[in-house]
Amino acid sequence: MRETARARTALTLLGLAVTGPAAASQTVEYPGSDFQELNDAVYAAGEGGTVILTRHLTADDAYSCYGLPVGVTLIGDEAVGEPVEVPGLLLNLSSPVHLENLRITDTCSAWGDFDYDGSYDDYDGDGQFDTLDAGLLVLRGDHSADRVFFGDAGGSAVSIMNGTLTLTDTTIEALTSAPAITVESRAVDSALTLYSSAVVSNEAGGVVAQARNGLDVDLIVSGTTFAYNESGGRAAPDIDAQGVTTLQVSESTFVGDPSLPDSELPWGAGSIFVQNADVVIADSTFTGTRGTTWGGAIFAESETAYSERRLEVRRTEFVDTSVSLDSGYGGAIYAEGMIVELQRLGAEGVAGLSGAFLKVWNAREVTADWIRVAGFESGGESGAIYLHNVYSAILQHVHVCGGSGPRETPGLGLRANNVQELTLTNGVFNSLNALAGSAVLFEYGTLYAAQNTFDDSEVAALLQVDLANLALHNTIFSRSTGTGVLASDTNAEGTPEMYNLFFDLGQAVDGLEGQPDASVDVLDQDPLFFSGYLSRGEGCAAYPLLDEGSPAIDAGNPAAAFNDPDGTRADIGAFGGPDASFPDSDEDGYVYDEDCNDDDPAVNPGAEEIVYNFIDDDCDDSTPDDDLDHDGYGHADDCDDGDAARSPGLDEVPYNGVDDDCDESTVDDDLDGDGFKSEVDCDDADGAVNPDAEEVPLNDLDEDCDGKALNGSTSGGCAGCASGSPPPGPWAALALAALLVRRRRRA
Numbered sequence: 001m002r003e004t005a006r007a008r009t010a011l012t013l014l015g016l017a018v019t020g021p022a023a024a025s026q027t028v029e030y031p032g033s034d035f036q037e038l039n040d041a042v043y044a045a046g047e048g049g050t051v052i053l054t055r056h057l058t059a060d061d062a063y064s065c066y067g068l069p070v071g072v073t074l075i076g077d078e079a080v081g082e083p084v085e086v087p088g089l090l091l092n093l094s095s096p097v098h099l100e101n102l103r104i105t106d107t108c109s110a111w112g113d114f115d116y117d118g119s120y121d122d123y124d125g126d127g128q129f130d131t132l133d134a135g136l137l138v139l140r141g142d143h144s145a146d147r148v149f150f151g152d153a154g155g156s157a158v159s160i161m162n163g164t165l166t167l168t169d170t171t172i173e174a175l176t177s178a179p180a181i182t183v184e185s186r187a188v189d190s191a192l193t194l195y196s197s198a199v200v201s202n203e204a205g206g207v208v209a210q211a212r213n214g215l216d217v218d219l220i221v222s223g224t225t226f227a228y229n230e231s232g233g234r235a236a237p238d239i240d241a242q243g244v245t246t247l248q249v250s251e252s253t254f255v256g257d258p259s260l261p262d263s264e265l266p267w268g269a270g271s272i273f274v275q276n277a278d279v280v281i282a283d284s285t286f287t288g289t290r291g292t293t294w295g296g297a298i299f300a301e302s303e304t305a306y307s308e309r310r311l312e313v314r315r316t317e318f319v320d321t322s323v324s325l326d327s328g329y330g331g332a333i334y335a336e337g338m339i340v341e342l343q344r345l346g347a348e349g350v351a352g353l354s355g356a357f358l359k360v361w362n363a364r365e366v367t368a369d370w371i372r373v374a375g376f377e378s379g380g381e382s383g384a385i386y387l388h389n390v391y392s393a394i395l396q397h398v399h400v401c402g403g404s405g406p407r408e409t410p411g412l413g414l415r416a417n418n419v420q421e422l423t424l425t426n427g428v429f430n431s432l433n434a435l436a437g438s439a440v441l442f443e444y445g446t447l448y449a450a451q452n453t454f455d456d457s458e459v460a461a462l463l464q465v466d467l468a469n470l471a472l473h474n475t476i477f478s479r480s481t482g483t484g485v486l487a488s489d490t491n492a493e494g495t496p497e498m499y500n501l502f503f504d505l506g507q508a509v510d511g512l513e514g515q516p517d518a519s520v521d522v523l524d525q526d527p528l529f530f531s532g533y534l535s536r537g538e539g540c541a542a543y544p545l546l547d548e549g550s551p552a553i554d555a556g557n558p559a560a561a562f563n564d565p566d567g568t569r570a571d572i573g574a575f576g577g578p579d580a581s582f583p584d585s586d587e588d589g590y591v592y593d594e595d596c597n598d599d600d601p602a603v604n605p606g607a608e609e610i611v612y613n614f615i616d617d618d619c620d621d622s623t624p625d626d627d628l629d630h631d632g633y634g635h636a637d638d639c640d641d642g643d644a645a646r647s648p649g650l651d652e653v654p655y656n657g658v659d660d661d662c663d664e665s666t667v668d669d670d671l672d673g674d675g676f677k678s679e680v681d682c683d684d685a686d687g688a689v690n691p692d693a694e695e696v697p698l699n700d701l702d703e704d705c706d707g708k709a710l711n712g713s714t715s716g717g718c719a720g721c722a723s724g725s726p727p728p729g730p731w732a733a734l735a736l737a738a739l740l741v742r743r744r745r746r747a
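Under my numbering, think of the first position of the sequence shown as 1, with each following residue one higher.
Worth flagging that the hints you see were computed from the coordinates, not collected in a lab. Just to be clear, a hint being listed does not mean it is correct.
Pairs of lysine to aspartate or glutamate residues, derived as EDC-like cross-links and limited to a Cα-Cα distance of at most 20 Å, are as follows [what the hints assert, rightly or not]: (1) Lys708 - Asp692; (2) Lys677 - Asp660; (3) Lys677 - Glu652; (4) Lys677 - Asp640; (5) Lys677 - Asp659; (6) Lys677 - Asp692; (7) Lys708 - Glu695; (8) Lys677 - Asp663; (9) Lys708 - Glu694; (10) Lys677 - Asp643.
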């Protein structure tokens, strides 16, 4: 009877509040002698009460889809030893339900009038009623679940329609036929909050969300892992959010499936696909996520060009994320029609046809600060960053290094096309390889570039400017077989004095009249980068900081507006000027040249040295991590690393009760080895004298340490050398010998 009632239950509960007799809230256990089935226990607990499940539930306890009639807390008893198995659960009530320590083993199905317009829904137009199938089905109210797990009984693990759910410490894995979680609003706003959870190895996607009828869907994801999910034909494998209001992601991890063939990659983004929403992603990592066309990790789009929608990404790392080298845009991030704000991002091993790291199109504003892209690959349309049709862009402290692409790749480090105003300051572009291409290409618009460093690249031009207005100051162009600045139809008349440095180039400037200017520019002088950068090989781990004696120091534009932060005349290059700052990748308050490990916030000059962890926590070689007592012996060999008077190199001091030489085999007491320590051995230098020795009469020695010799002396052992009369002299010994001889003769 319960199985046949399953569909009827789902249908009749749709859109209705299930009510029952009111009861005072209390905590009850189920099974119990007073309850024939789960429903009885729930009513007994009452609104706001708690039901503790003390065993796995069966078909005799509840329908395979059980609709909770009142808002209770349903908890699996920890004594069961594992999450307690329950049927599919339907939440269609306004009073809150909390679920904890459960495993949902069945599925609820619901269909009907989800938008409350008086008729059953058929939004996909297939002639069939829209159906929801999920282990946990939320149709109304604000509910929560903690440590809830799901079997693959068909459908999604969780479906939310016109409701709100918070999931904590939840694992959803290995579902095959539907997304792990679906969220939709048709009649009222919906929301999902996902904390400290895992969405792993699901074949039809992770979270799929959609807002309809002008309603809101809000998604919050924090501390959650998405790994090895497939898209199932959807736009993205981890989060596919179309028409939602907001998406907030923090402290989360996204991992792609390396075994997935290119033919099965999502048509959209490699991880997150969002349309018409405000998006914030912070303190997260994307590793190995791959898309086909847009966004190896993140796709964010507004249907309206130059909209006010925002994409903000902060303190996030992208490793080996990519789109197709033949047709893909934005190897890590693709943004269209959005205001884009990027801060403290790192990318390594990213790839794509255009914008191996970032592609932005039709945007009002782009701001990027402290962006580092290393070891990337371009398909040839542009390099690491491509800005196309942007009103205003500000790029500060951008470091692009170690990129490669086809021979003629335009803007292998940065390409800006039809950007009305671009400000590029304190940037570094080095180790770029596109022999007939350029490191930076700016086309159509106004470029203000100051305090940048271009170095060590195999390109035709380090900076190429076409059909533009140009202001160029305090920039280093060095060590390239190509041209430093290549300009075509470019107006730079407003800034004739540029104060740049040119060194070891095929040609310094081509296409700018009067440049370079020997009266203000630094020509043919090595900028003298610090040795750590010059010795880095092909890597990107070091920055081209100026070494002592560099001709670029205090050689920039003398106008006060260009001064370094300390008020002195600007240095030329990426680490001079008013916004000069050394990198602080780990944000611990200590910049690159002060911090001995700028990737670990726990390591810096202000940290306290943690002993015996083999890490220079405080960046001070003189602070011991081992050998705290400075006696030359580390913790592994020193039996007391807090006492310099104890170490393997010292002599053992007898009778002090301390293992001075850290050698337990060296005696500190019982020096004569007779088995008796000094407190009972009256002569610890003579093995024949101890409490177990046999007393020899008339030798004036206390061999057995009882305080008396057999001749009556009480002077102790050591031939009477203890306190008392001095020992008998040689004449007394001779007299005693004569007496003994005389006695023997009489005998």
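(request) Please write out, lowest number first, the hints stated earlier that are contradicted by the structure. (result) 4, 10
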